[in-house]
Amino acid sequence: MTLRVLLFGAEARLAAAPAVQVHVPDRPLIRDIRDALAAQHPALSASMAHARLARNHAFANPDEPVSPDDELALIGLVSGG
Amino acid sequence: MNIRVTIIDGPITPSAVPADSGISTTPARPPATAPPTVPAAPGARLTFEGLVRPDEDGRPILALDYQVYDPMATRQMESIARALLEELGLLSITILHSRGQVRPAQCSLRIDITARHRAEAITAMARFIDQLKRDVPIWKTPIFADIG
Chain A
1 MTLRVLLFGA
11 EARLAAAPAV
21 QVHVPDRPLI
31 RDIRDALAAQ
41 HPALSASMAH
51 ARLARNHAFA
61 NPDEPVSPDD
71 ELALIGLVSG
81 G
Chain B
1 MNIRVTIIDG
11 PITPSAVPAD
21 SGISTTPARP
31 PATAPPTVPA
41 APGARLTFEG
51 LVRPDEDGRP
61 ILALDYQVYD
71 PMATRQMESI
81 ARALLEELGL
91 LSITILHSRG
101 QVRPAQCSLR
111 IDITARHRAE
121 AITAMARFID
131 QLKRDVPIWK
141 TPIFADIG
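Here the protein sequences line up with chains A and B, keeping their order. Here the first sequence stands for residues 1 to 81, numbered as in the numbering used here. Here the second sequence stands for residues 1 to 148, numbered as in the numbering used here.
Please note: incorrect hints may appear among the correct ones.
With beta-carbon atoms standing in for the labels, derived distance ranges [said to hold, decoys possible]:
id	chain 1	residue 1	chain 2	residue 2	range
1	B	Arg-118	A	Pro-65	25 to 33 Å
2	A	Met-1	B	Ser-15	25 to 33 Å
3	A	His-57	B	Thr-123	23 to 31 Å
4	A	His-23	B	Pro-54	41 to 49 Å
Residues of chain A placed beyond 10 Å of chain B at every Cβ, according to the derived structure [stated by the list, open to error]:
id	residue
5	Pro-25
6	Arg-27
7	Pro-28
8	Arg-34
9	Ala-39
10	Met-48
Everything labelled a hint here was simulated from the structure, so no lab data went into it. Here a beta-carbon is modelled for each residue, glycine too, at the ideal position from N, C-alpha and C.
Taking the hints into account, I'd like the entire structure generated from these sequences.
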């Protein structure tokens, strides 16, 4: 299946896009999304050491299952305030 | 629960504060007849305003451009505020954060906390800001003055 992952900040600049697609096996876990991002988008691989994945607007654990309708986002180092 | 989070386009000014936000933009004055037995009456109100500095890494800037992942940023700030409110027994937390460009000396973040006593308000303010800078999906990009 193909999923879309939103990008922001430095990660959006590195990928030169506000979102990327990843191809993963059916019924993936969050860890599969991370692995796919690193493998399929080399521009993001350096960010994966510190970036966190969010699912439906909350930080996600590696073992969480992902549904096709979930909103996924890669959250790199933030700098609000 | 008395928590309010608002994302505002541009700098936070008195006119940008929503009229129904409960935030006072004038100094507090004691009520003429303060009821001494109201248990939830605040003994402390703490306000923090984050201002944009005129430089980043020694380079002058025209502005900071804030990008906000709105639904998650709002949810995260509400979650942090709720946890602090419950743990410390605060009375209210109101947060306003900018989206888009904010120029030097302008306000990009305002937090108002009320509590029964100053100690928990001060503790909550420091912890909220620390967690915001770690867990709230907001990014700022400097717009440098020396780039055309």
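Hint by hint, here is what the structure shows:
no.: 1; hint: B:Arg-118 to A:Pro-65: 25 to 33 Å; in the structure: violated, 46 Å
no.: 2; hint: A:Met-1 to B:Ser-15: 25 to 33 Å; in the structure: violated, 48 Å
no.: 3; hint: A:His-57 to B:Thr-123: 23 to 31 Å; in the structure: holds, 27 Å
no.: 4; hint: A:His-23 to B:Pro-54: 41 to 49 Å; in the structure: holds, 46 Å
no.: 5; hint: Pro-25; in the structure: holds, 26 Å
no.: 6; hint: Arg-27; in the structure: holds, 24 Å
no.: 7; hint: Pro-28; in the structure: holds, 20 Å
no.: 8; hint: Arg-34; in the structure: holds, 17 Å
no.: 9; hint: Ala-39; in the structure: holds, 24 Å
no.: 10; hint: Met-48; in the structure: holds, 17 Å
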